[in-house]
Amino acid sequence: MALSAIPIFYVFDMNITQQIVNAIWLGGVYSLFALGYALVFSVLGVLNLAHSAVFMWGAFIGLVAVTQLNISVWLAIPLAMLGAGIISVLLDIVAFAPLRRRNAPRMSQLISSIGASILLVNFAQLVFGTQPRRFALGSIPTEPFAGWPVRVTPIQIIILLVSVILMALLQYLVMRRRVGQAMRAVAFNQQVASLLGVNVGGIFRLTFFLAGALAGAAGVLYGLAYNTMTPFMGDAVALKGLTVIVLGGLGNIQGAVVGGFVVAALEVFSIAAGSSNYREAIVFTLLFFILLFRPQGLVGQATQTRA
Amino acid sequence: MEFLRGIGITEIVLQFMLINAILGLSIYLVLYTGMFSLANAGFMAIGAYVGVILSQTYDLPLGIALIGGMVAAGLIALPIGLPVLRLRDIYLAIATIGFGEVIRILILNFDDLASSITGQAVRLTRGALGITGIPKVTETWHLVLFLLVVIYVLMRLHRSRFGRAMAAVRQDEQAAATMGINIVYVKSVVFILSAVLAAGAGVLKAYLTRTISPGDYGFDQAVSILTFAVLGGTSTWVGPIIGGFVLSALPEMLREFKQYRGIVNGSILLLVIVYLPGGLVNPAAWRRLWQRGSGGEVEPVAQGSAK
Amino acid sequence: MIERRYFCHLYRYALNFMVANPVPLCNEREFKMKRNVMALISVLIVFVLAFSTTLAQDSEQPLVGSWDECPTPENLPETVTIGAVFGLSEAVAVYGTSQKQAVELAVEEINTSGYLGASTLQVIFEDSAGNRDQAIAAMTKLVEEDNVLAVIGPTLSAEAFAADPIAQENGTVVMGVSNTAIGLTDMGDYVFRDSLPEAAVIPGTIAQARETLGLTKVGLLYGNDDDFTVSGYEVFKQTLQDSVIEILGEETFAKGDVDFNAQLTNLIGANPDALVVSALAAEATQIILQARSLGYTGPIIGGNGFNSPAVLKDTGAASEGLIVGGAWNYGNPNPSESSVRFVELYEARYEDQSPDQFAAQAYTGAWLTATAIRCGNFAADADVATQRTALRDALAAIKDFDSPLGVFSFDENRNPIHDPIAQIVSEGKFKPLAVVLGAQATPEATPAS
Chain W
631 MALSAIPIFY
641 VFDMNITQQI
651 VNAIWLGGVY
661 SLFALGYALV
671 FSVLGVLNLA
681 HSAVFMWGAF
691 IGLVAVTQLN
701 ISVWLAIPLA
711 MLGAGIISVL
721 LDIVAFAPLR
731 RRNAPRMSQL
741 ISSIGASILL
751 VNFAQLVFGT
761 QPRRFALGSI
771 PTEPFAGWPV
781 RVTPIQIIIL
791 LVSVILMALL
801 QYLVMRRRVG
811 QAMRAVAFNQ
821 QVASLLGVNV
831 GGIFRLTFFL
841 AGALAGAAGV
851 LYGLAYNTMT
861 PFMGDAVALK
871 GLTVIVLGGL
881 GNIQGAVVGG
891 FVVAALEVFS
901 IAAGSSNYRE
911 AIVFTLLFFI
921 LLFRPQGLVG
931 QATQTRA
Chain E
-2 MEFLRGIGIT
8 EIVLQFMLIN
18 AILGLSIYLV
28 LYTGMFSLAN
38 AGFMAIGAYV
48 GVILSQTYDL
58 PLGIALIGGM
68 VAAGLIALPI
78 GLPVLRLRDI
88 YLAIATIGFG
98 EVIRILILNF
108 DDLASSITGQ
118 AVRLTRGALG
128 ITGIPKVTET
138 WHLVLFLLVV
148 IYVLMRLHRS
158 RFGRAMAAVR
168 QDEQAAATMG
178 INIVYVKSVV
188 FILSAVLAAG
198 AGVLKAYLTR
208 TISPGDYGFD
218 QAVSILTFAV
228 LGGTSTWVGP
238 IIGGFVLSAL
248 PEMLREFKQY
258 RGIVNGSILL
268 LVIVYLPGGL
278 VNPAAWRRLW
288 QRGSGGEVEP
298 VAQGSAK
Chain B
45 MIERRYFCHL
55 YRYALNFMVA
65 NPVPLCNERE
75 FKMKRNVMAL
85 ISVLIVFVLA
95 FSTTLAQDSE
105 QPLVGSWDEC
115 PTPENLPETV
125 TIGAVFGLSE
135 AVAVYGTSQK
145 QAVELAVEEI
155 NTSGYLGAST
165 LQVIFEDSAG
175 NRDQAIAAMT
185 KLVEEDNVLA
195 VIGPTLSAEA
205 FAADPIAQEN
215 GTVVMGVSNT
225 AIGLTDMGDY
235 VFRDSLPEAA
245 VIPGTIAQAR
255 ETLGLTKVGL
265 LYGNDDDFTV
275 SGYEVFKQTL
285 QDSVIEILGE
295 ETFAKGDVDF
305 NAQLTNLIGA
315 NPDALVVSAL
325 AAEATQIILQ
335 ARSLGYTGPI
345 IGGNGFNSPA
355 VLKDTGAASE
365 GLIVGGAWNY
375 GNPNPSESSV
385 RFVELYEARY
395 EDQSPDQFAA
405 QAYTGAWLTA
415 TAIRCGNFAA
425 DADVATQRTA
435 LRDALAAIKD
445 FDSPLGVFSF
455 DENRNPIHDP
465 IAQIVSEGKF
475 KPLAVVLGAQ
485 ATPEATPAS
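Residue numbers (the numbering used here), protein chains in the order written: chain W, 631 to 937; chain E, -2 to 304; chain B, 45 to 493.
Think of the hints as simulated: they come from the structure by calculation, not from any bench.
Everything numeric in this text was worked out from a predicted model, so none of it was measured.
Just so you know, not all the hints are guaranteed correct.
[As the list claims (entries may be wrong)] Rough simulated footprint, nothing fancy, chain B against chain E, three-plus residues with beta-carbon under 8 angstroms:
1. -1 to 9
2. 202 to 211
[As the list claims (entries may be wrong)] From the derived model, a few chain B residues whose C-beta atoms are all more than 10 angstroms from chain E:
3. 113
4. 176
5. 324
6. 457
[Said to hold, decoys possible] Quick list of the computed label-pair ranges, beta carbon to beta carbon:
7. 117(E) - 426(B): 53 to 59 angstroms
8. 392(B) - 791(W): 41 to 47 angstroms
9. 58(E) - 164(B): 44 to 50 angstroms
Even for Gly, the Cβ is constructed at its ideal location relative to N, Cα and C.
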């Protein structure tokens, strides 16, 4: 009511206003998922295709914490972050570290992350089964706020808030703290960083832990937002996450956030414009052209190919 | 033959192995030239659809369909390749993923799009339902012959001037350019060759599985084609063939493991990538292993050779 | 020892009736003592026998099956092996797992009830992972290596189009239990299905909804990259056009999507009388919840995909006004006896899980196959080809088969014939559409959430 009194909202079709809300909300979800993806890429320069599997494990850890251990949803988030962080570190130890030590091509690391992803998903299938799992109905506030000109639910606001807080925390850690400085140094050049006394191995572990924790948080929040969890839930976001981090500039953390909102806006507004059939084609075409005309991505830096 | 059937490799599995070997070789060509492309699932789709639609509409034999599909993929690869191949490394990979997805979505919506342009109902690709009822024409000997021809051409290529140029481009683009190699030309030709090869495999496979739909040529397929080559090893042309063989036979051989099949499959992939640098077929690594195993002197530089 | 003495007593005791001179009993003293015991044992034996037969009648005779039409077969092979190709890993496992569970349940029941006489039904399950190549390989393995007599599956129509020809070429029955695509059984005379195609379900639902709700304009939402949802969409669209209902807008989503807000905002903005949705169960829940949270209160009409117990449970009050057409529904208010029994058995066997339409159809498919084996009554020493043909012919002849899906027959094209259901969710329960809306008979009858 209050908002529609403002002229700018008044001239908009009600639908468009709602679509803007939809886009912001979806953008928050995409950004949150892409954040950890971007972090690993920025520090290690590899695409971790098992990130979506860690994300799925985060969601299930949260679910088990809430439904089996009767922990409140808000305590389940840090628990899932911790669990997913540990899984992510294990992932590094098993699938990435041996290759890194050997200086294997990045392609090998990509493939080994696929192997790890297959393992994690199949393991989850054995443990949790294949039927969609859900938080009990009513445990999540999904009733839209009354009296608003657009439909917004409390859980949407909460998830958006948590996402923003996590993004801000990560940004603070990477840009303002000493550890973040070390991470950036490693990202820039491992050997130089090592000469400067940075514990490169430790930074890698920390990066994987943080990325995993973010994936875990994204998993639980995603689970709360859409309330349907299967071992295969990561499939749908894996490719989308990739698009997001490329559009935002590979390996750029603010870029991942920007990219999330760009992809969401593109999708929502191509639907609003009446071409839902082509919304993914539109996103990928844009991705294609951004890569062509800005080969380093929107804000990314060129990386050297290894011989 | 009896033995093969006993371990789960029936004739149809053998045929899939041969097709995947061809696909492995198609991606080997681009990798050998230092390009990290994931476009081949898209070219496979183009080949399969063009070949099948051509032969179904005009009632043509497999041979013509094969050539038609391959030519179509080559024609599309040319304008795509020229701009895209300026990209390097992961950026090229992502741009080609974008290309593949756009192809998939266009095939999915082709009838819709064509109908709205021409103003009359078009039924060619039949959307998500795909084309069914394709006769099973592909025989094992077709595939063996095709593979042998490809191997022959590859062996000739490696020994030719152009083949040396390919290796030079992979090792150092700048040095190659200084030596008078036209990098854009070499890369484009290789990209087109690779596309043509993938399209050929696509046509042959369509006539084996009797049905095609856009979902078969998505991101997953692109990544599995890459996996054939990387798991097999890209130092010689034998690698991708072995990789294609092993990865297509493995899921069938592991059927005894029932619900643990995925876990075993993922573990094997992970173990090979992590512990066999350079893939299954890597003469240097096997030689080292042999020397170590036969009690010979362990080369002190063995560790560093990958760098 | 005791037995021997017992028979001795019995023998001589009987002899005493027949001969004039009494034969001394085995051991007079012992006999006298044991006589009471013997009597007691006899009584007990009789009692136990009687009781166990009543028990058997009570719990072991399932309500499914052609018990009277065909005699219990006597010369079947000791074990009859059939195959099943389901998607048991990857995303398709959501459906494949409940299919496998239902088939296992049916097979246990078939074997314990002696439906196939002395012979045992055995099923080899193969995973296709929702992947066409693997479905082909699995079908080849079952038909050519394991020499099974029939195959149930595969889960997806796309897999069926690739794998069923292999069964057809080998003269082996393949029974689709979830394939709804058009033209599936045209692949040959060995290709059967018990899954009602959308074309048999949707027109009835729409006709009833139009009559009772007075639909004139609707919004259409469907998944455009899945053959199941696209088939549903095509039938919906055709039916809507035929019944002169205006389609205000069409929106699509992709497999794996969970956010439908943008599409729904568009459709709801056009102010439709109803939302018509072709989606799978996983998406159905999200679509209902998000449509309601965007403020839509009208009816939502869904196809087969909405026919899952999970949908009602997971959407709660939001499902009020949901109209479903389908082959079978967990919440059917007046189910057949065999349907009730199936639900009870399934829930007892698999804790915390309720059967969905996929399970009901797979369960029925297993029973149909077993019935074809019982009625085919082929000899153990016949060759595989003869056995397979006998099975096919018996299957095609099945008429008025009482199953959880209702009274079931195959038409001449081996497609299923049984009554589909059209229901509406009212006060948290599935109720027959005609009854609920017929009584209220006003378009705004659907309660708001």
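Going down the list of hints, with the structure as the test:
Look at the stretch -1 to 9 of chain E against chain B: 5 of its residues bring a Cβ nearer than 8 angstroms to a Cβ of that chain, three or more, so the hint holds. Against chain B, the stretch 202 to 211 of chain E contributes 5 residues with a C-beta closer than 8 angstroms to a partner C-beta. That satisfies the three-residue criterion, and the hint holds. Distance check on residue 113(B): its Cβ is at least 36 angstroms (rounded) from any Cβ of chain E, clearing the 10 angstroms threshold; non-interface status holds. Look at residue 176(B): its CB is around 6 angstroms from the nearest CB on chain E, not clear of 10 angstroms, so calling it non-interface is violated.
Residue placement check: residue 324(B) keeps its beta carbon more than 10 angstroms from all beta carbons of chain E (closest about 13 angstroms). For residue 457(B), the condition that its CB be more than 10 angstroms from all CB atoms of chain E holds, with the nearest at approximately 16 angstroms. A hinted range of 53 to 59 angstroms for the beta carbons of residue 117(E) and residue 426(B) is consistent with their spacing of about 55 angstroms. Distance hint check: the CB atoms of residue 392(B) and residue 791(W) are about 45 angstroms apart, consistent with the given range 41 to 47 angstroms.
For residue 58(E) and residue 164(B), the Cβ-Cβ distance of about 49 angstroms falls inside the hinted range of 44 to 50 angstroms, so the restraint holds.
Hint violations for this structure: number 4 only, all remaining hints satisfied.
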